[in-house]
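So the chains spell out like this:
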Amino acid sequence: MTHAVDARDGYLAEFRRFADNGAGAAPAWLQELRQAGIERFAAVGFPNTRQEEWRFTDIAPLTQTPFTLPTSPGTRASPEAVEDMLGGATGARLVFVDGVFRPELSIARGLPSGVKLGSLGQALQRDGDLLAAHLGRYASIERNPFTALSAAFVREGAFVHVARGVSVGQPLYLLFLTSGAAQGRITHPRNLIVLEREAQATVVEAYATLGAARHLTNAVTEFVLEDGAEGRHVRIQRESDTAFHMATSQSHQGRDSRFSSCSLAFGAGLSRHDVNAVLDGRGAQLLLNGLSVLAGRQHVDYHTMIDHAQPHCESHELFNGVLADHARGVFNGRIIVRPGAQRTDSKQTNNNVLLSEAARADSQPQLEIYADDVKCTHGATIGPLDPNALFYLETRGVGADAARQLMTYGFAADVVSRIDVPEVRERLDRLVRARLAA
Amino acid sequence: MPPMLEIKNLHASAEGHEILRGVDLVVNVGEVHAIMGPNGSGKSTLAQVLAGQPAYTVTQGSVRYEGQDLLDMDPEERAQAGVFLAFQYPVAIRGVTNAYFLRAALNAIRKARGEPELDPIDFLAVLEEKLQAIGWDDSFVNRPVNEGFSGGEKKRNEILQMAVLEPKLAVLDETDSGLDIDALKTVAEAVNRLRSPSRATVVVTHYQRLLNYIVPDFVHVLVDGRIARSGGKELALELEEKGYDWIKPEAAVA
Numbered sequence: 001m002t003h004a005v006d007a008r009d010g011y012l013a014e015f016r017r018f019a020d021n022g023a024g025a026a027p028a029w030l031q032e033l034r035q036a037g038i039e040r041f042a043a044v045g046f047p048n049t050r051q052e053e054w055r056f057t058d059i060a061p062l063t064q065t066p067f068t069l070p071t072s073p074g075t076r077a078s079p080e081a082v083e084d085m086l087g088g089a090t091g092a093r094l095v096f097v098d099g100v101f102r103p104e105l106s107i108a109r110g111l112p113s114g115v116k117l118g119s120l121g122q123a124l125q126r127d128g129d130l131l132a133a134h135l136g137r138y139a140s141i142e143r144n145p146f147t148a149l150s151a152a153f154v155r156e157g158a159f160v161h162v163a164r165g166v167s168v169g170q171p172l173y174l175l176f177l178t179s180g181a182a183q184g185r186i187t188h189p190r191n192l193i194v195l196e197r198e199a200q201a202t203v204v205e206a207y208a209t210l211g212a213a214r215h216l217t218n219a220v221t222e223f224v225l226e227d228g229a230e231g232r233h234v235r236i237q238r239e240s241d242t243a244f245h246m247a248t249s250q251s252h253q254g255r256d257s258r259f260s261s262c263s264l265a266f267g268a269g270l271s272r273h274d275v276n277a278v279l280d281g282r283g284a285q286l287l288l289n290g291l292s293v294l295a296g297r298q299h300v301d302y303h304t305m306i307d308h309a310q311p312h313c314e315s316h317e318l319f320n321g322v323l324a325d326h327a328r329g330v331f332n333g334r335i336i337v338r339p340g341a342q343r344t345d346s347k348q349t350n351n352n353v354l355l356s357e358a359a360r361a362d363s364q365p366q367l368e369i370y371a372d373d374v375k376c377t378h379g380a381t382i383g384p385l386d387p388n389a390l391f392y393l394e395t396r397g398v399g400a401d402a403a404r405q406l407m408t409y410g411f412a413a414d415v416v417s418r419i420d421v422p423e424v425r426e427r428l429d430r431l432v433r434a435r436l437a438a
Numbered sequence: 001m002p003p004m005l006e007i008k009n010l011h012a013s014a015e016g017h018e019i020l021r022g023v024d025l026v027v028n029v030g031e032v033h034a035i036m037g038p039n040g041s042g043k044s045t046l047a048q049v050l051a052g053q054p055a056y057t058v059t060q061g062s063v064r065y066e067g068q069d070l071l072d073m074d075p076e077e078r079a080q081a082g083v084f085l086a087f088q089y090p091v092a093i094r095g096v097t098n099a100y101f102l103r104a105a106l107n108a109i110r111k112a113r114g115e116p117e118l119d120p121i122d123f124l125a126v127l128e129e130k131l132q133a134i135g136w137d138d139s140f141v142n143r144p145v146n147e148g149f150s151g152g153e154k155k156r157n158e159i160l161q162m163a164v165l166e167p168k169l170a171v172l173d174e175t176d177s178g179l180d181i182d183a184l185k186t187v188a189e190a191v192n193r194l195r196s197p198s199r200a201t202v203v204v205t206h207y208q209r210l211l212n213y214i215v216p217d218f219v220h221v222l223v224d225g226r227i228a229r230s231g232g233k234e235l236a237l238e239l240e241e242k243g244y245d246w247i248k249p250e251a252a253v254a
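Chains A and B are the protein sequences, given in the same order. Okay, so the first sequence: first residue is 1 according to my numbering, each after it adds one. Okay, so the second sequence: first residue is 1 according to my numbering, each after it adds one.
Treat the hints loosely; a few may be bogus.
[As the list claims (entries may be wrong)] Listed below are several chain A residues computed to face chain B (Cβ distance under 8 angstroms; list not exhaustive):
1) Asn388
2) Met407
3) Ala413
[To be verified] Straight line, CA to CA, 30 angstroms or less: simulated DSBU-like cross-link-like pairs of lysine-lysine:
4) Lys154/B with Lys168/B
5) Lys347/A with Lys375/A
6) Lys168/B with Lys8/B
7) Lys375/A with Lys154/B
8) Lys130/B with Lys154/B
9) Lys347/A with Lys130/B
[As the list claims (entries may be wrong)] Rough simulated footprint, nothing fancy, chain A against chain B, three-plus residues with beta-carbon under 8 angstroms:
10) 70-80
11) 171-180
If you're looking for bench data, these hints aren't it; they were derived computationally from the structure. We treat Cβ as the ideally placed atom computed from N, Cα and C, and that holds for glycine.
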């Protein structure tokens, strides 16, 4: 308890320094957002395992480390390191190193007119009204203290805006690198993606550590899809296993919009990712998928919440976990069907394969249904690889080790194969293979 | 030349319960044998024991395959040596496509035989050729192995695997169960296409129906874990007419 109080005071002091250090010159709406964030955090502090939402995830190791904001620009990340992290993607990208936007590593040209791709810092200069209209409007500071901290320290991140009817042909990459120099540092990447009516875009958001710093990433992404928009969001977290990663991804969908989200957790020693989706227009469709591949003593906690606020919406959710060694996976899948959200069709699946006796998974579905004409199903599995399937593979000539590898790969591919952008899917497939071979 | 398969006094049990109680069977190269019998007689156990299912313990007897001790081989070694079991209940492999799985299996077998592995493009050519030969389209090639397959699709998939892996000894375990007559015919045609003087087939079935299409050289009746009677293809017709009750386990002793 003392630790948590000390830690809270540390962040409050950090906020005062932050506010004195130029942040005070921000427009009024931004100052209000920050103030609301820090007040909320000051009121609730860090969560603990006595709270239902954090029952399985003890963040004591995080609160015991006094993380501070980076004081100098991030060390130079080489273009080669960036290429490596992007896995050969050559298109548009925004690169951030230790929380600082690096225009010289970024490519934002060659996009159709009507597409804005830039840093939040740039957008504050050029697109203040758009930011004021959206930033912080979707990700609730009430739900998670780290989201409140994100609002308090909002300053940098990615801004993507696609005008009505415009389709961005190529995937847009947002790369957040943390360098070895970021030992003991916290960054608060804050991303806003807005697709206007009938706009289309694919955004790939990636987090990685160059080296093995013990750092904390506290990332929040808001993804807004207006009526008829079609968006894809792929998120890859492969930070060092000494890192802490706290995140919220919040989507908000209008009528007849389609959103597909895939979150991959391969890295960090301790991570928690809240993936929240609001279906706020009739006929909206959502695919909410995730995959964690963990080893050693890594811990991942996925909390998903799908809010069916309007009728005739569909959501399909699949989260798979591959857990080796002493790794631990937590999945909490909440689905709310609001009164009046008739004809909701929702399916949730969470499968966990335990590759060792010491690995552990906890899975909790949480269905709250307040409408009567709905279809909601959920299912979860936790266990070792199916011995019948292993035998089946062996009878086809595949050796026992290779059979286990093939089945483990299949478990991961089950999620990745659902990404319908071939270039992104193939890149992730390579990442999955590399991760499983590690 | 030793027989392709020589089973002597085979006893096997599962969870302490004896299921096979002294099976004797010789299968020579080029032959097709049918093993029939009532439910619970041990037909599927025999098929699974031949494939190396670890859930069964062999307590007595021997099985030699081309002169080698089959029981001493791991399941994958049996497959690499040319033994294939078409499962009664094929198993789903999440996230692994049929094409990927088939290539992994074929390459494992090729590697064990000292043959070069096939890259995806060469493999696709092999797969297309096999599909054409058995007259099937590629509709389930890129779907995950057996996942969401209908009963008929699963059985057809077993036969496709057999066509690609080209085993010397194929054991078909109740491949006819759950098939309608058209599916049964296409499966039988595919099996017949693989019949050759250099291979052998053991067809395990409860019903005579399949044997109208895969005509066996020998028919054996398994009752209470022993072969109670053997004969030619006419024995299957007799069983169809009279059922299994007239064959008593004691017949084996006589």
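Hints versus structure:
The beta carbon of Asn388/A is positioned within 8 angstroms of a beta carbon in chain B (closest approach about 5 angstroms), and the interface hint is therefore held. For Met407/A, the shortest C-beta to C-beta distance to chain B is roughly 6 angstroms, which falls under 8 angstroms, so the interface hint holds. Hint status for Ala413/A relative to chain B: holds, with the closest Cβ pair at about 4 angstroms, below 8 angstroms. The hinted pair formed by Lys154/B and Lys168/B meets the criterion: a straight-line CA distance of about 22 angstroms does not exceed 30 angstroms.
In summary, the hint linking Lys347/A to Lys375/A is supported, as the alpha carbons are separated by about 8 angstroms, within the 30 angstroms threshold. As the CA atoms of Lys168/B and Lys8/B are separated by approximately 20 angstroms, the hinted pair is consistent with the 30 angstroms bound. Distance hint between Lys375/A and Lys154/B is fulfilled; the C-alpha atoms sit about 29 angstroms from each other, no more than 30 angstroms. Taking the CA atoms of Lys130/B and Lys154/B, the gap is about 17 angstroms. The hint holds against a cut of 30 angstroms.
Distance check on the hinted pair: Lys347/A and Lys130/B sit about 38 angstroms apart at the alpha-carbon level, beyond 30 angstroms; violated. Given as covered by chain A, the region 70-80 of chain B passes the check, having 6 residues with a CB less than 8 angstroms from a CB of that chain where 3 are the minimum. Requiring three or more residues with a Cβ within less than 8 angstroms of a Cβ of chain A, the coverage given for the region 171-180 of chain B is violated, as only 0 such residues are present.
Going down the numbered hints, you'll see the structure goes against 9 and 11, while the others check out.
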